[in-house]
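**Student:** Next come the chains, spelled out residue by residue.
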Amino acid sequence: MSETTTVSNKSVWTPFNLVAGIIVAIGLVLTVLRFTGGLAAVTNLSDDNPWGIWIGFDLLCGVALAAGGYVTSAAVYIFGLKRFHSAVRPAILTGFLGYALVVFALHYDVGRPWRLPYPFVVQQGTTSLLFEVGACVALYLTVLFIEFTPAALEWLGLKRARNLVVKLTMLLTIFGVVLSTLHQSSLGALYLIAPSKLHPLWYSTYLPVYFFVSSIIAGLSMVLFESTLSHHYFGDKLDEAHKRESLGVTLGFGKAASLVLAGYFIIKVIGMATANTWHYLNSGYGAWFLVEMLGFVALPCFLYAVGVRDRNVKLIRYTAAWTVLGIVVNRFNVSLVAFNWHLPSSQRYFPHWMEIMISVFIVTVGILVFRFIVTRMPILYEHPEYHGH
Amino acid sequence: MGAAGAGTLLKGTSAQAAANTHFTGYPNSYAVLHDITRCVGCRSCEAACNAVNELPKPDKPFTDLSVLESRRRTTAKTYTVVNKFPSDIQTTPSEKPVYVKKQCNHCLEPACASACFVRAFHKTPEGAVIYDPSVCVGCRYCMIACPFEIPTYEYDKALEPRVMKCTMCYPRIQKGLLPGCVQACPKEALTFGKRKEILDIARERIRRHPERYIDHIYGEREMGGTSWLYLSGVPFASIGMREDLGVTPAPELTSGALGAVPIVVGLWPVLLTGIYAISKRKEKVSEEERREAVEAALARAREQAEAEKAAALAKAQKEKETAVQQAVKKALEEAKKKAEQEGQA
Chain E
1 MSETTTVSNK SVWTPFNLVA GIIVAIGLVL TVLRFTGGLA AVTNLSDDNP
51 WGIWIGFDLL CGVALAAGGY VTSAAVYIFG LKRFHSAVRP AILTGFLGYA
101 LVVFALHYDV GRPWRLPYPF VVQQGTTSLL FEVGACVALY LTVLFIEFTP
151 AALEWLGLKR ARNLVVKLTM LLTIFGVVLS TLHQSSLGAL YLIAPSKLHP
201 LWYSTYLPVY FFVSSIIAGL SMVLFESTLS HHYFGDKLDE AHKRESLGVT
251 LGFGKAASLV LAGYFIIKVI GMATANTWHY LNSGYGAWFL VEMLGFVALP
301 CFLYAVGVRD RNVKLIRYTA AWTVLGIVVN RFNVSLVAFN WHLPSSQRYF
351 PHWMEIMISV FIVTVGILVF RFIVTRMPIL YEHPEYHGH
Chain C
390 MGAAGAGTLL KGTSAQAAAN THFTGYPNSY AVLHDITRCV GCRSCEAACN
440 AVNELPKPDK PFTDLSVLES RRRTTAKTYT VVNKFPSDIQ TTPSEKPVYV
490 KKQCNHCLEP ACASACFVRA FHKTPEGAVI YDPSVCVGCR YCMIACPFEI
540 PTYEYDKALE PRVMKCTMCY PRIQKGLLPG CVQACPKEAL TFGKRKEILD
590 IARERIRRHP ERYIDHIYGE REMGGTSWLY LSGVPFASIG MREDLGVTPA
640 PELTSGALGA VPIVVGLWPV LLTGIYAISK RKEKVSEEER REAVEAALAR
690 AREQAEAEKA AALAKAQKEK ETAVQQAVKK ALEEAKKKAE QEGQA
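In the order they appear, the protein sequences are chains E and C.
Reminder that position 88 of the first sequence reads as 88 in this note's numbering, one-by-one numbering, no gaps.
Numbers given in this note's numbering equal positions in the second sequence, counted from 1, plus 389.
Bear in mind the hints are in silico, worked out from the structure with no lab data behind them.
Honestly, I wouldn't trust all of these hints.
[What the hints assert, rightly or not] Computed cross-link-like contacts, DSS-like style, restricted to lysine-lysine with a CA-CA straight-line distance of at most 25 Å:
id : chain 1 : residue 1 : chain 2 : residue 2
1  : E       : K167      : C       : K669
2  : E       : K82       : C       : K673
3  : E       : K167      : C       : K719
4  : C       : K669      : E       : K255
5  : C       : K669      : E       : K82
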């Protein structure tokens, strides 16, 4: 109760709220346009370019950046890194919201969103990688929801239900890692069917492995990035345990990210070697590929390592933001930049401003819901009644 | 050139799920042969297709041949298009341009059907690849998957958008009729028949007129084979038909990734539980070690205390004894003194 009063005491007309309000208003108008005029009314999608940024950003980046949930819960509950415990709840919440938004965004992209359950209840197209993606995302969203409920149940004061869910932690974590492995990788595998359309530097039979491994990088970096923002904006909500463990989480996750980035760099090079695509490096696409590989994989790998060695929290946090950007670059390259590379530029895709605006709208909704939850539920602090789990 | 690299890549790492048998198409399925050398670009096929499939009227009538001046692709309103390629690409000098008809190739193992997560597409035993709009969700993955860039989408429909593509006139085939375009072609550039026989006809034409044809039947093996086959007098790549697609049927491209799913489901929990058990055990061992260390330290402390206590006791005993002795000695001395004094007195 006291929390609600403090919230309402503050003025609602903060600059953040104003901007968010405007974005939401525009988003609602565009939503009406989308569902009355069809995809043509708000997008630049075409017969040559059936997937735009709603897939490239909302789906591919959304899922990759929501990987913090499974990465953190696996680290803490399976690998036994208990000193990262305070990072679990924010990561689970970010993951849950991320997936919820992915599903929300898909309602804009598919032609008949009310039929989204069809692949499960009407006819199962099990030869499709998209079926695997759909099934795993649906199941994992459920898992994340259950993993998130303890926070909500503590907030609501439902002790017995909360304790029951907590008992399922191990099972849910294992289930979550299995499902994440499957759909993170199958998002990359979606493109396996189109070797003639995706540039050979990005097309690889290892695409599913690349997507899975880079999702770990995305998850680790996103936890760091998100904790930076939480420290900045919700510092008053953080309890002592969070503040005390924060340095350890930053250093530990930074170290892990550096290591996984190094591994990722190596398997990318191995992929190039097995496919013998070296000669493509000597082209415009090759230059851009090198930017991705050196600027967004090798560089953050090095910076993370330096940051951990020097215990330079600031450097690690900047590197995390840069790595998150790198994941977006990679997913954009696969889905948009290097896709349809054989087509003349007149037939290539560039998003319509309304497409971008709807993506911005969806991200804004996510931030608003995140704020609503962390200012009310025990996410960044431990509920006093449930101390020590 | 670009995807040639991808092609070699695929050959190098074949999908492990491929068995020893491979699907070569339904035995009695139909096919259409498009003899590009015979096509004159009259667009009769386009007009027939439009009429038979009850598609919306185009902006320019089908008799208007000016549309041939720009490269076209299939759209939601046109299942088939004829494209014109200038004559300079021809190997044999001739003034005539080359006309190529484009429509769904009706793959033997269609990428669209393999990619669809509601099985909206299916390859009929007759050879047609048909689409069922009643289950389609509109994800457009079929359009991503199709190597021939054929399926199109009704982007302007808000409520019931469909994927649109040539049906090989499946309803007509079932009635024993020819596909609309085949029937309309005035130059017999299109021939309909059993795929096996169509292949024989094509081979026979190449054998009889080696000067007229490139020695390749496009669609015989491309992407695992198609039900639309092509003969040409000029290289296919020069008339907008990709020669770098390879011969791997689309479903094989993803079968490896799909095959990994059950293995991950089976193996991951074992691996993860193992890691959990190890980390748990490490914790237990370190806990035990800590307890033992504490106990040992306690025991040591206790022993030391015992020893100190014993020493202190012994010392106290000794002191007591000395004190008693001294007291006795003193008493004796005093008694002696007293006796001496009494004796003097």
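**Student:** Does each hint fit the structure? Answer for all of them.
**Tutor:** Each hint tested on the structure:
1. E:K167 / C:K669: holds (16 Å)
2. E:K82 / C:K673: holds (14 Å)
3. E:K167 / C:K719: The given pair, whose Cα atoms are some 81 Å apart, is violated under the 25 Å limit.
4. C:K669 / E:K255: Satisfied, since the Cα-Cα distance of roughly 23 Å is no more than 25 Å.
5. C:K669 / E:K82: holds (11 Å)
Hint check: a violation occurs at hint 3 only; the rest are consistent with the structure.
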